[in-house]
Amino acid sequence: MQFMLIMNETAAERDKRNDPAVAGDYWGAWTAFVGEIQQAGIVVNGDGLQPPHTATTVRIIDGKRVVQDGPFADTKEQLGGYFTIDVPDLDTALAWAAKSPAASGGSVEVRPIMLPPPNAA
Amino acid sequence: MTTARAGSATSLGKDDVAETVVERARASYGRLIALLSARDGDIAASEDALSEAFAAALRAWPRTGIPANPDAWLLTTARNQLRNAYRHETVKLKAIDEILIRMDASDAKPATIPDMRLALMFVCAHPAIQEDMRTPLMLQTILGLDAGQIGSAFLVSPTTMGQRLVRAKAKIKLAGIGFALPDRDVMAERLDDVLSAIYAAFGTVWDGVDGDGGGQPSLAGEAIFLARLIVSLLPGEPEALGLLALMLYIEARRPARAGPDGAFIPLREQDARLWRRDLILEAEAILTHAGALGRVGRFQLEAAIQSVHVQTPVTGSVNWAALRSLHELLLQHRPSIGAFVSYAAVLLGMGLVEAAREVLDSLEPSDVAHYQPYWVTRHAVLAATQDGEAEAALKRAVGLTRNTSVCAYLLAQARRDRPGPP
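Order-wise, the sequence lines are chains A and B.
Numbering-wise, the first sequence is residues 1 to 121 according to full-length UniProt numbering.
Numbering-wise, the second sequence is residues 1 to 422 according to full-length UniProt numbering.
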């Protein structure tokens, strides 16, 4: 069964990426986690994302394309990256989620991947 | 008494068959649901398939005789139902299918059916399930209670409870909650969720208003059954033993809780001769065994507090010192509102009125606004110091009491408290 681990970070946690005093620890923790999860052979897909200020949001309002600077919502924690993994059940997915640095410096939402609708084939 | 003989193919009365089916439904429901659902987590589909299997048994068994292993017959029939339901989907063959395929209805050894009920209980009480739905899920899936029976015990309409159960089962399937026992490191925490869900079925029980079940149907018997089941499946877990002992102590006092007219009788005024000695002895033995395992916890401490209460008539006096230290330990393990209020009642019993009041005052008003035992205890503390606010506290308590005989008792107390002519 496939799950997406949606890694959310606080701004303070994310800023560690470029703070020379702590960047080593920050990247070290992520490198260790990514190495372990890759080695387990369960990763379907995964990416880290550039910070929210690099985002551009688009929506259609009254048939017109409206493009905005920044992410969709201004929240305390924001999407920093994701992994899609293939594991037997929720508890296994939660165990991997808990190991990620995001669980300590933010939160990880675990969501099952939607199967194609029954008549799509 | 006529009993249907297993395997006899002739002259079986419809009543014999119906009796056997009902008996199987009671004894094996949870076991069969657990095994069928473990396949892909689809509890709702398993329930449908199993009820079809029971209906098929009612049709077939009068003709064929009751099979040597009725559970295996039911399981095979239910599995075929499920397979028909899934025939348009490509479903991977899992270990559970292997077990189901190897099951043979003519095999009379019931031990060949693996017991997945413990895994099912951990699924029902999984932290991904809304807390107030864990108990109803367990009552339905393990014991086969319907939404109406569960709803009336939790003061929710059958329709609402039915919808909530459907949603909870959909969540189990879609969220991918696995039918596996938790790892050693999360076991204690998850077991606590399971035990708490069982205790919730037992009802709100607190000694200040011993047995205030709120007038709704009691699920005490069901809760004790579940606790016995978990003790048999996890014999080395002291907290599971503690929970069973706790409920047996409280259940033992049930016959003494109401007078002949149905009037409520509080713990200290109960006729101890009416307490069920068999249950008390069983509880004592279980608690002793739990204690020997050397891992103390919330349920063992609560059971120990009950043990002190039942010793009172034997020794002739309340062992307040023991009650106090047990409550202090309990607060270290589980600082719940209930434990604080109960602790205040013990301090009051020892004559430490100010200390009792301090404990009550330390609680958040929003946490206790609707907690009946808090207001009963608050009234007792204020009445002990002739505080004018005592009556207001009692009125809050009465307003929060659902059980009519407890209500009558509290109102009578209010009349006694009030000075001057009636």
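Source of the hints: derived by calculation from the structure; they are not laboratory data.
The reader is advised that the hints may include incorrect statements.
What the hints assert, rightly or not - Simulated crosslink set (DSSO-like; lysine-lysine; CA at most 27 Å straight-line): (1) A:Lys-99 / A:Lys-64; (2) B:Lys-173 / A:Lys-99; (3) A:Lys-99 / A:Lys-16; (4) A:Lys-99 / B:Lys-395; (5) A:Lys-16 / A:Lys-76.
To be verified - What follows is a list of derived Cβ distance ranges for each label pair: (6) B:Gln-332 / A:Pro-116: 24 to 34 Å; (7) B:Ser-232 / A:Gly-70: 53 to 63 Å; (8) B:Arg-167 / A:Gly-70: 47 to 57 Å; (9) B:Asp-115 / A:Ala-95: 41 to 51 Å.
Nothing here was measured: the structure is a model prediction, and the numbers come from that model.
Where is the CB? At the ideal position from N, CA and C, for every residue including glycine.
Here is how each hint holds up against the structure:
1. Restraint check for Lys-99 of chain A and Lys-64 of chain A: not satisfied, since their Cα atoms lie roughly 43 Å apart, outside the 27 Å limit.
2. Distance check on the hinted pair: Lys-173 of chain B and Lys-99 of chain A sit about 24 Å apart at the alpha-carbon level, within 27 Å; holds.
3. For the hint linking Lys-99 of chain A to Lys-16 of chain A, the alpha-carbon distance of about 19 Å falls within 27 Å, and the restraint holds.
4. Of the pairs offered as hints, the one joining Lys-99 of chain A and Lys-395 of chain B is violated, with about 52 Å between alpha carbons and a cut-off of 27 Å exceeded.
5. The hinted pair formed by Lys-16 of chain A and Lys-76 of chain A meets the criterion: a straight-line CA distance of about 16 Å does not exceed 27 Å.
6. Judged by the Cβ atoms, the range 24 to 34 Å given for Gln-332 of chain B and Pro-116 of chain A is violated: they are separated by roughly 52 Å.
7. About 58 Å separates the C-beta atoms of Ser-232 of chain B and Gly-70 of chain A, a value consistent with the hinted range of 53 to 63 Å.
8. Between Arg-167 of chain B and Gly-70 of chain A the beta carbon distance is about 35 Å. The supplied range of 47 to 57 Å is therefore violated.
9. The given range of 41 to 51 Å is broken by Asp-115 of chain B and Ala-95 of chain A, whose C-beta atoms sit roughly 25 Å from each other.
Checked against the numbered hints above, the structure breaks hints 1, 4, 6, 8 and 9 and satisfies the rest.
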